[in-house]
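Between the sequences and the hints, there should be enough to build the whole structure, so can you do that?
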Amino acid sequence: MRYIAIMLALLAMPFAANAHAMLDHASPAVGSTVASSPKDVVISFTEKLEPKFSSIEVRNDKGVAMQAGKATLGGAPTDLRVSLKPLPPGTYKVIWRVLSVDTHRTQGSFSFKVGP
Amino acid sequence: MRNALWRSAVLAGTVTAVSITIAGAHEIVGNRLFPATLTIDDPGVNDELAFPTIAHFKTATTPDTPAYRQTDVSSEFSKRITEDFAVSIGPTWSHFSPPGGPAMTGANGFQNLETTFKYRLFKNEEHEFVFSTGLSIEWGGSGAQSVGAERFTTYTPTIYFGKGFGDLPVDALRPFAVTGQFGYAIPGKSTTVTVSTDPDSGDQEVDTEFNPRVLVWGGSLQYSMPYLKSAVVDLGLPDVVNHLIPIVEASLETPVSNTFSSGTKTTGTINPGVIWTGQYAQFGVEAMIPVNRDSGSNVGVIAQLHFYLDDIAPDTIGRPIFSNFTPPGRPTFGQ
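Residue numbers (this note's numbering), protein chains in the order written: chain Z, 1 to 116; chain G, 1001 to 1335.
Heads up, none of these hints are tricks.
Below, in silico cross-link-like pairs of lysine to any residue (SDA-like), each with a Cα-Cα straight-line distance of 25 Å or less:
id, chain 1, residue 1, chain 2, residue 2
1, G, K1189, G, K1265
2, G, K1189, G, F1260
3, Z, K113, G, L1237
4, Z, K113, G, L1173
5, Z, K70, Z, A29
6, Z, K62, G, L1173
7, Z, K48, G, I1317
8, Z, K48, G, D1234
9, Z, K39, G, D1234
10, Z, K52, G, D1315
11, Z, K113, G, P1238
12, G, K1079, Z, Q107
13, Z, K85, Z, S37
14, G, K1123, G, S1323
15, G, K1079, G, G1219
16, G, K1079, Z, T103
17, Z, K62, G, E1125
18, G, K1123, G, V1170
19, Z, K48, G, N1242
20, Z, K113, Z, D24
21, Z, K70, G, E1126
22, G, K1123, G, V1178
23, Z, K113, G, V1232
24, Z, K93, G, V1233
25, Z, K93, G, A1172
These aren't lab readings, by the way, just hints derived from the structure by calculation.
Here the structure is a predicted model, which is why all the values come from computation and not from measurement.
This is the structure we're talking about:
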C-alpha cells in the first residue's frame, strides 16, 4: 500500500515539474522541403526556455552561417526563433542548443531543403 | 542433500533472476535519448526510480528439478552523487510456484540486495556516443536462501556503452542505436560446501559446489521514433507513435572459469518489445525468449514503469548532490 501511495504521488508530480526541453515541432518542419526561402526558423520545444542561454544556428552545405542575428523567444515561452538571410536553393542544417528553465541543457540538429 | 540439489537446480534460474534485477538509466546525448532498458543496464547516469519491474517466466527443466513458474517484482533507485557518478540500489522479490522451492511446494522471498556504482567516462554529443564503467555488488546473505539467494557476495565490474547512428548518411537508418554491457561477475567464495545427513542411512554427505566466474553481457538494438520526428523527418504521425522506441534486448551470461559445477554454456534471453517515453517517465514491455533449453521453458514477459526523477524534481532529489552548475535566474515570460 505504501508503494502504491509513493507511485501515485510520483505520477501526480509531473504536472508541477519541468523537464529536458526536447524539440516538439519546427517551421520549416524537420526534414521538409520548402519552395522558397523562409524568413525565419521557429522551433517549439516541450519546455519553457532560458533565451539568454539558448541559440539556433542555420548553416548551408558549406558550413556558412545563414541566420541573421541571435535567437529570441517566439510567441510562446517554449518557442525559439531566429531570422534568416535569403536562402538560395540547397540543404540547410539547423543546430539548436537550449537551456530549459529548470537548467537542463539539451541540443540537437535537423535539416530542411529550399527548392523544388 | 536436498538443499544441495536445490542450490544446483536454481543456478540456472538465478542467472535469469540476477539479470532482470538490473534496470538502466536513461541518457540524453545530443539528439539522442537512450531509454532505460529493462533486462540489461545501459550507460546512463541519472536520478531515477524504476518501480515496479515485473517479470514472469518459466524456469528451465534440470535433471533434479522440473520447471516452475517464477515471478519477480523489483525496483531500483538511482541517485547521482556528481554529474557523472551515481549509486543505485535495487531489491527483488521472487515468487516460485510449485514445484519450485526447496520443498517443491513453492517459495517466496527477496533476492540478494544489489548496489551499483557507475561513472560516466566519456560522452560525445555530436556522434551520440557515451561510455561508462561501473561496479555492481550483490550482497551475499541479504536475501532468502529459499529463492536461491547466495550466502556469498558477488562483485561485477562492468563497462557500458551507447551509440546512436545519427551520423549515418542514410536517413532511414539514423534513428537506430545500440547499447551494450560487458561485466565479469566474481563470487566472493570460489566454493560452497554443504553438509547434510542422509535420512535413510544417517550418513553425513558433503556436497561441494564450485561458484563460477561469469561473463555478464548483453546489448540492445533500438529504433527511436522520437529521434525520427525531431532529427530526421517529421512525418506527422500520431503523437503516441512519436513516443515509441521499438527495441530488442539480449541479456546473457557465460560461465568462464571455475565451471566444474555450472558448465560453460551461455544462458539468457532475447527480449523484443517496445518502450514508450514521455517527459517524466517511460513504460516498457518485452517478451523474454530463452536462448536455449538451459535458459527457460517458455516465453516470459517483463514490464517496467520508470520515472525520470531529474525531470520530476530537478531542484531537489533530481539533481546531483555535488554539482558545479549554477542555475541562472528564472526569466519572467509574457512581459
